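Chemist: Whole structure, please, built from the sequences with the hints as guidance.
The listed protein sequences derive, respectively, from chains V and F.
Numbering-wise (the working numbering), the first sequence opens with residue 1 and increments by one.
Numbering-wise (the working numbering), the second sequence opens with residue 252 and increments by one.
Think of the hints as simulated: they come from the structure by calculation, not from any bench.
Given the structure is predicted, the values throughout are model-derived calculations rather than measurements.
Wrong hints could be hidden among the right ones.
[Unchecked claim] Derived DEER-like restraints, expressed as beta-carbon distance ranges:
no., chain 1, residue 1, chain 2, residue 2, range
1, F, Ser394, V, Ser125, 38 to 44 Å
2, V, Glu240, F, Thr359, 54 to 60 Å
3, V, Gln117, F, Gly421, 56 to 62 Å
4, V, Glu5, F, Thr368, 16 to 22 Å
5, V, Glu97, F, Ala365, 44 to 50 Å
6, F, Ala408, V, Ser114, 37 to 43 Å
7, F, Ala365, V, Ser106, 39 to 45 Å
8, V, Thr209, F, Lys410, 30 to 36 Å
[As the list claims (entries may be wrong)] Which residues of chain F face chain V? A few of them, derived with a C-beta cut under 8 Å, are:
no., residue
9, Phe277
10, Gln283
11, Ala287
12, Arg290
13, Tyr320
14, Ala322
15, Arg334
16, Glu372
17, Leu377
18, Lys410
19, Leu424
[What the hints assert, rightly or not] Listed next, the stretches of chain V that the computed footprint assigns to chain F, with coverage defined by at least 3 CB atoms under 8 Å from CB atoms of chain F:
no., segment
20, 8-17
21, 221-229
Ideal Cβ positions, reconstructed from N, Cα and C, are used throughout, including at glycine.
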Amino acid sequence: MDSTETRLRRAAAETREVASRAVPPSLRQETMGRPGLLVLATAFAAVLLVFAIPALLGGQDTPLGESPQPTQTPPATIGAETTITMIDDTPQQCSAEGTSEPQLSSDLPVEVASTAQAIIGAASSCSFDGLAGIAFTDGTPDLITSFGGGGIDNLARWEEEGYGEMDTLIRLFGTSHAVTDVEDGPDIYVWPAAFAYDRWEDIPPEYLTELMDLGVYSEGELDEIARFGSYAGWRVGIDEYGNWLFFVAGD
Amino acid sequence: MTDSTTTRRPAIAIETGTHPIAFETFYRREYQHVVAMARALLRDASAAEDLAQESFLAAHRHWDRVSRYDAPHAWVRRVMINRATSRRRRLGAEMRALARAGPDPDSTLPDLSAATTEVWEEVRRLSRRQRQAVVLHYVGQLSMNEIGEAMGCSTGAVKSHLHRARETLGQRLSDWKEG
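Modeler: Structure representation (structure tokens):
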């Protein structure tokens, strides 16, 4: 067994051993979303019903001067050592949270710029309904997000599963664009411009720098894309009439 | 652009309709496995534990659906590895690690040895797919088929990622002498 294999196996064994001492904690959420607030509001109303209203009506359940005992729902208990307190649902996280909106090039046609700005606006707040309203559909296969279909639903699902691409979608508009000619079809404006080159080695250095600065791909990932032979990473395309045609990666 | 039926991230599991496992049982059984893989992928120990918790919370939110999958554990691993490799998390975790001198007070996990830390540092420099494959294979001890399910790719692609990862690591860790 070579030393790399040995080191990996030893590192993995040690890491598993260390993790075996981790005790499953109470699952909790740092931020409470609307469902959480609803729970709070409901709890508050329940407290009012149980304590305040009987007191106002002269009830005898809570003598003056004695604090009422709060009611609690016992949490689910697992085994002897672990308690899981579930607060169902979390606020939807958006991968674009905190992503700066890029400045679009001033030489874009108005229709293209308008669509690009609308995409950026909807992506910034993970508004999938908003994106669905922008996406071009005319009965042809939907190339937004996947060659296999799925469209905007894919974007929503990826956000849900923790690897959303809204951040990527917005960042792409901060790169240079290229205009690709399509025979018997409208011009397509595509970001990043590197996508317009058939061979990786033909991509001008400034566009390669943009890919590195994009913040979407690591150096290793760009090496992998380069080995593929051309830029096959995330790109977004809008035709000259302002129709949003694609936001895809891969080939 | 070519027409293809290949989706970028195919569903990893099929609803089986069999008796779903209780979430609590699943959580207790899988937690440490997920923590181990998160620990390899993230420099920051407490971030790794947070990540494991977030991944199980995601599973809990969708448990009606996830529990009916053939491999709920593959689903939660996929959620974890993708969250672990998001740019925002890497930056956040690294900033926290840099801001802190000495042991991580928020973590319940013991520190890893210097040799193991060095290995994971190099693994984190690999491309996303390669480091995912390495962690799922070596730490997660998953089969090629299971790794393919978790990564949403073929077993052939998994083997290719592992091969290239070992090649790169072999060069970067070449000065190490077996003790």
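Chemist: Compare the structure with each hint and give your call.
Modeler: Comparing the hints with the structure gives:
no., hint, result
1, F:Ser394 to V:Ser125: 38 to 44 Å, "41 Å, holds"
2, V:Glu240 to F:Thr359: 54 to 60 Å, "57 Å, holds"
3, V:Gln117 to F:Gly421: 56 to 62 Å, "48 Å, violated"
4, V:Glu5 to F:Thr368: 16 to 22 Å, "18 Å, holds"
5, V:Glu97 to F:Ala365: 44 to 50 Å, "36 Å, violated"
6, F:Ala408 to V:Ser114: 37 to 43 Å, "40 Å, holds"
7, F:Ala365 to V:Ser106: 39 to 45 Å, "53 Å, violated"
8, V:Thr209 to F:Lys410: 30 to 36 Å, "33 Å, holds"
9, Phe277, "11 Å, violated"
10, Gln283, "5 Å, holds"
11, Ala287, "3 Å, holds"
12, Arg290, "5 Å, holds"
13, Tyr320, "13 Å, violated"
14, Ala322, "15 Å, violated"
15, Arg334, "4 Å, holds"
16, Glu372, "10 Å, violated"
17, Leu377, "5 Å, holds"
18, Lys410, "14 Å, violated"
19, Leu424, "6 Å, holds"
20, 8-17, "holds (count 8)"
21, 221-229, "holds (count 3)"
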